[in-house]
Amino acid sequence: MMGSLVAVYRRELTAYFQTPLAYVFLAVFAFAAPAFAFHIGRFFDTNRADLAPLFDYLPWLLVILMPALAMRAWAEEKDRGTLEFLMSLPIPLWASTGGKFLAAWTVAAAAIVLTMPMWIAVNYLGEPDNAAIATAYVGALLLAGSYLAIGQALSATTANQVVAFVLGAGACFLLTMAGLPLVLSVLGENAPAALSEFIAGLSALEHYDALRNGVIAVADLVYFLGLILAALGAAGVMIAEQRGGGR
Amino acid sequence: MLVADHLVKEFGGLRAVEDVSFRLERGEVLGFLGPNGAGKSTTMRMLAGCLEPDSGSARIAGHDCVQDRIEAQSRLGYLPEGAPAYPAMTPRAFVAFGLQVRGFSGDALKRATELALERARLGAAASQPIGTLSKGYKRRAALAAAIAHDPAVLILDEPTDGLDPNQKDGVRALIREMAPEKAIIISTHILDEVPAVCSRAIIIAQGRLLFDGSPHALEKLTPDGSIETAFRLLTTGGCPVGDAA
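Here the protein sequences line up with chains A and B, keeping their order.
Under the working numbering, the residues of the first sequence are numbered 1 to 247, in order.
Under the working numbering, the residues of the second sequence are numbered 1001 to 1245, in order.
Okay, chain B solo, but in the shape it has when bound (with noise of 0.2 Å):
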């Protein structure tokens, strides 16, 4: 379903991304992590055709992210790093610009933007400008957008940052509900999260992959079971371990 095939993202010199490689199926929810710079985001943007890649390459369902571009896009929902919405816009308004850019009209755009509405339980917030509400609620919107076309490939980048504790069961919830029919990548800071929604985790540090496995084998990396253990000796060891690394 996803690809990434030898990534590699260069910044002025500086290797942000190196040598990435992985597949995702439906039904894997992937949690992606690493220490802040360490590549995940860039990464992302590679997958979502926001970036190109200096060399490899990364295809969504066959299609390849640059050199079939739109056809690549339109199976995949993106949320990106922050959670950038138009701020003059209501939810609503943004939902369906997603909508209609992909050719959804009449009763179906209707249908689709509000069950995304409900789905990511923006309430009567829904109707505001984005600018208007507060970080969750907006980080929500766009959430909506990325999950209203109901795409095979879904790419979330922190999506639970900001929300309140309430606010990341739902969109846990969420993400749990949509992994059977999916292929899902979330990246996220919260250790915690892994288990409870990834059925696969990927370590990545300084643009290197270091770890490719469940989140049950990245906890036995460590005598004492947990995660968080296992997150610093990989990310500040450096050595590439795990089941497909």
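The shape of chain A in the complex, shown without the other chains (with noise of 0.2 Å):
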């Protein structure tokens, strides 16, 4: 059974190599994260050796980026006819969804594995704390990974990329925000208390921030692990429900 779930990694992995789309992915983000930091976060200007400025802005990055690496995963199956083909093989769904994931990680990490030379940077320029920036580089990863089973689920719903994109990008971007202090106040005082830390509690954001800060709680690991698996089941169920025709 793993045997099928590495086929599906490989054909997953070399598929978005011999499409452009890896190569552009891979492009933009090694200028775009560092432009973000430099231009945005002043990473100059700090004066500080830590890679605050990249963090900082990197959610935002993924919220566009992530969802653009996802979103082919099923939609260009149902609009290619191929998903036909990939249900007749005998995989289980968990290792389809689970490969496509795992492949679709894989070039995320590699992106963000193209701003190290700013961590090298920084450790050429000061003395930062290179343990809380690699903590930091964990959230990153885990963050991306959210944002990808997301993307991948939406992915799921449609035949087309374009929509597969815009509901993926639009629910990370509400996942990112819902625990800002803008959203929160929003919810104004009537809301209830709990109902606000409940919806605090949900944002990737926050869950993020402890671990950029350099703190790895195991609160955080689990919300993680947990978005990801939760959104990688509703995408397994999503294509198993195409073996009932609509019953």
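The set of hints was computed from the structure by calculation and includes no laboratory data.
Treat each hint with caution, since some may be false.
To be verified - Distance condition first, Cα-Cα at most 30 Å in a straight line; then the derived DSSO-like pairs of lysine-lysine: (1) B:Lys-1220 x B:Lys-1168; (2) B:Lys-1110 x B:Lys-1135; (3) B:Lys-1220 x A:Lys-78; (4) B:Lys-1110 x B:Lys-1168; (5) B:Lys-1168 x A:Lys-78.
Said to hold, decoys possible - Here are some chain A residues the structure puts well away from chain B; computed CB gaps all over 10 Å: (6) Val-8; (7) Ala-30; (8) Leu-61; (9) Glu-84; (10) Leu-89; (11) Gly-98; (12) Ile-120; (13) Pro-128; (14) Ala-131; (15) Asn-160; (16) Gln-161; (17) Ala-194; (18) Ala-200; (19) Leu-202; (20) Val-237.
Note that the structure is predicted; figures quoted are calculated from it, not measured.
Using N, Cα and C, we set each Cβ at its ideal position, and we do this for glycine too.
Hints are included, so try docking the two chains, each in its own frame, into the full complex.
Structure, rendered in structure tokens:
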């Protein structure tokens, strides 16, 4: 059974690099991440040897780019009719969703690795807390994974990749925004405190912030891994529904 | 080897398949005939485990296509309607993917891949992206993927559609060559194909099974001994006849 997951993973990873998608994605990421850090985050002006300017803006870059990476997962299979071929193979659904997810996550990880020259640069310029930076990278990877899983789940709802992208980016945006004071203030003073707290607790940003600050808490890891598994489970259920043929 | 047991499928209140039952044993080549929209592809999709029946069941080598899908599908080679394939992959990589999913690796993977490409007569096209190939080569790539793991049951939805006469002959020869060892279903619009490759024919229309018997018995249904006339008579008249219907 693991063999089929590995086969799907390999096929998907190759597919990313057989089209310009992965190259365009990596190039955009390699330029955009430092651009955010240098221009908006004022990387040099902070006079601090850390990567805070990078990790502050990374979630917003991921909100756009991860759904772009995940949009093809199922929408493309449906559009090209290859879903029929895939569904006729003796692959358990967890293996096809898992293989697709891991392939996209690998491309995302490669993109995140492309920001590492900045890590080297801050070590050259000063004495950063490398353990904290490593933790922040783990946070970035988990955040990217969550967005990819959500993107894949929404890709399973449509045969149109553009629709999948818009739905994915919208969902990731909402999930990221949930904990911001802006959203919580819209809820107003009328909303019960428990509700505001619950919504803030759903926010990906809130959980990412702890990791970004170098703190690894079990609750945050459970949140991200739970979110990934739940979204992939939802994708699996929707694809399994295809077998029902609208029953 | 393959059993369709009172299969029923509805789409939005419309009965696409209505109580279709038949059995297929090793050595049989079944021609699955019917007009467009008769329910051929829907029946084949249910047999292939791609679609779950509303009621009834499908079994491959004793394994239920819904409850025991993985086991059933591992004994099946399926060429879906339109022969879908990943355009960026080469036929060689496409065939290898289907084999890897089924646990093939190393030398066995290489041997099975090359044998399937050779049997489907892909030639030099085996190394070109499927998206750049003609319709005929694309279909042969999908056919190669369906036969590569030497399955006990083959379900081929219009395997000769879009092929030129030489390619059609090649596919028919391949089916005849594999026939003794397998249970094979082919759907086709080309009625000449039935006596040429099939040992048995089923005709369905509006989701119902109208005829199940030998091509010879089908020919004998009409005074002129033509399958085409028999097909027209059955699918426009709509009364069930034949050996086992």
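Verification of the supplied hints:
no.	hint	verdict
1	B:Lys-1220 x B:Lys-1168	holds (26 Å)
2	B:Lys-1110 x B:Lys-1135	holds (25 Å)
3	B:Lys-1220 x A:Lys-78	violated (43 Å)
4	B:Lys-1110 x B:Lys-1168	holds (27 Å)
5	B:Lys-1168 x A:Lys-78	holds (29 Å)
6	Val-8	violated (7 Å)
7	Ala-30	holds (23 Å)
8	Leu-61	holds (27 Å)
9	Glu-84	violated (4 Å)
10	Leu-89	violated (5 Å)
11	Gly-98	holds (13 Å)
12	Ile-120	holds (35 Å)
13	Pro-128	holds (42 Å)
14	Ala-131	holds (40 Å)
15	Asn-160	holds (17 Å)
16	Gln-161	holds (14 Å)
17	Ala-194	holds (42 Å)
18	Ala-200	holds (42 Å)
19	Leu-202	holds (34 Å)
20	Val-237	holds (14 Å)
In this structure, the hints that do not hold are numbers 3, 6, 9 and 10, in rising order.
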